[in-house]
Amino acid sequence: MGVVCVFACPVPEGKSGQQVVDGLQKQVEMMGATKSGNFLVDCETYQSNPQNVTQTPQQCVVNILHNSEHPASCFSVTESGQILVSDLLFEDLMSKLTMAKAGRESFYSQRKGFKIESRGQRYEVGDFIIKIGSVSLASNFRGILIEVEYCPCVILNECWNMMKELLQSMVGNSAETPPPVLKHKPDTVYTPSDTILQYLDHFNNFRKAVSAPPPSR
Amino acid sequence: MDPSIVQQTFKAAPLTTEFFLQGSVMENSLETLVNRLKGLCDNADYQQESFQDHEMVFHIKNTSVPTPLVFRVRHSLVQTECWSLRYLGHAEVGDKNRPTLVRSYIDCPTSENVAQFIGELGFRMDHEFVVKGFYFHKGRMKITVSKFYKMNQPGNTTNDTIETVCPSYLVELSVVTSSGQEAVGDDMKNFAEQLKPLVTLEKTDHRKIQLAQT
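Here the protein sequences come in this chain order: A and B.
When you line the first sequence up against my numbering, it's residues 1 to 217, in that order.
When you line the second sequence up against my numbering, it's residues 1001 to 1214, in that order.
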């Protein structure tokens, strides 16, 4: 486990998402990277029932994410950014909250059409792991996310310049500065939760842009 | 191992059913029972394993029905990094042919911020307690001998702020497995026979206890 940065890769006008993904894969393979399987990061969203007795009237939203890099774990994030790392059994606990029983509404319900995922090829080159993911929201292509991990280091500030050089060759100037989620903690030990928060930030951006027509696949 | 295989393995047969029997012993019988369990259980030549846990019981309520959903946050006072979020269903007595009680059981290891997390989901703490005791294993059977303490100061688990609820120890014999594994009850019944007459492990109807309290 090293430092991970996740960036969105723009899809230029006139090009399809698949063409951009193919181009990125060729670029990475030219660097000498070898394929090391597939990866998947997915996110489902649940919202609280207005009939729940709570101290605040606002609706609670919780996102539940999985990362194939940590297959036995489940990451749950509230709107305030509180992130719970747990065993996959947490989903069984969540089903207790979403199950409506005779005479009683469920406490939480799944937001329909909100399931989003980044799925694609995983590569290894030297001390780096590179993942090129196609993002789908309710089975519709929404964009491309690049994940780069530098394995030997756990402090962002100590390896950002090197990661930036690699990232800019793939995503251009959007990798000028570190991901917003990591900006306020460049000197703390990096954890898998930080990767999840980066993905959630991107997923929320893709969800907000859903009113715009999706780029062509 | 391929990550998708790991995920499928964990999801395929979730261990979410607990078969159990309960009994109790007075304090003056504790040493005899522990010695008998050491002889019957695995790792007899090791020091028996003890535990000290703090459990917080949280409720979430819904205006449509007064019965809250209960989740329990449990952590070790000895290995302070071990936290878990638990759900225990209602104990079913079933028919007289079934030798054990059965309930839905989910014990999910989590990060240390679990209490704050479920607070943000809408849960509120109802009560908390400390439980200390010993645990033994015999194959997949777990036997715990525990004493419960109420906390006189919220959040404070130090010895000078807790006091025993009663002088006896709760003895529980349990197996956590996937649902439908009814054969495990016979193994448990046979093991329970070996602990008689020191302790009688039986199917206690929890509804009678709850009715007596109301």
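Wrong hints could be hidden among the right ones.
[Stated by the list, open to error] DSS-like cross-link-like pairs, simulated, lysine-lysine; straight-line CA separation at most 27 Å:
no.	chain 1	residue 1	chain 2	residue 2
1	B	Lys1038	B	Lys1061
2	B	Lys1061	A	Lys101
3	B	Lys1061	A	Lys112
4	B	Lys1096	B	Lys1038
5	B	Lys1189	A	Lys96
6	B	Lys1061	B	Lys1208
7	A	Lys96	B	Lys1196
8	A	Lys185	A	Lys15
9	B	Lys1132	B	Lys1096
10	A	Lys35	A	Lys15
11	B	Lys1147	B	Lys1132
12	B	Lys1189	B	Lys1142
13	A	Lys101	B	Lys1196
14	A	Lys96	B	Lys1142
15	B	Lys1132	B	Lys1038
16	A	Lys15	A	Lys96
17	A	Lys112	A	Lys26
18	B	Lys1150	B	Lys1203
19	B	Lys1038	B	Lys1208
20	B	Lys1147	B	Lys1203
21	B	Lys1208	A	Lys96
Read the hints as simulated data drawn from the structure, not as lab findings.
Sort out whether B/Lys1142 lies within 27 Å of B/Lys1189, counting only the CA atoms.
-> Roughly 13 Å separates the two Cα atoms, so the pair holds.
Below or equal to 27 Å on CA atoms is what counts here, so check B/Lys1061 against A/Lys101.
-> With a Cα-Cα distance of about 13 Å, the restraint between B/Lys1061 and A/Lys101 holds, given a limit of 27 Å.
With a cut-off of 27 Å on the C-alpha distance, tell me whether A/Lys96 and B/Lys1142 pass.
-> Judged against 27 Å, a Cα distance of about 25 Å means the pair holds.
Do the alpha carbons of A/Lys185 and A/Lys15 lie within 27 Å of each other, as the hint requires?
-> violated (36 Å)
If you draw a straight line from the CA of B/Lys1208 to the CA of A/Lys96, is it 27 Å or shorter?
-> holds (25 Å)
Decide if the proposed pair is consistent with the structure: B/Lys1061 and A/Lys112, CA atoms, cutoff 27 Å inclusive.
-> holds (24 Å)
B/Lys1189 and A/Lys96: Cα distance at most 27 Å?
-> Given that 27 Å is the threshold and the Cα spacing comes to 30 Å, the pair is violated.
Within a Cα-Cα threshold of 27 Å, do A/Lys101 and B/Lys1196 meet the stated pairing?
-> violated (41 Å)
Keeping to a limit of 27 Å between CA atoms, is the pair of B/Lys1132 and B/Lys1096 held or broken?
-> violated (32 Å)
Is the straight-line distance between the alpha-carbon of A/Lys15 and that of A/Lys96 27 Å or less?
-> Violated, because 45 Å separates the two Cα atoms, which is more than 27 Å.
Hint consistency between B/Lys1132 and B/Lys1038 [alpha-carbon to alpha-carbon, up to 27 Å] | holds (18 Å)
Holds or violated: B/Lys1038 to B/Lys1061, with C-alpha atoms at most 27 Å apart | Since the Cα atoms of B/Lys1038 and B/Lys1061 sit roughly 43 Å apart, the hinted pair is violated (cutoff 27 Å).
Consistency note: the structure conflicts with the earlier hints numbered 1, 4, 5, 7, 8, 9, 13, 16, 17 and 19.
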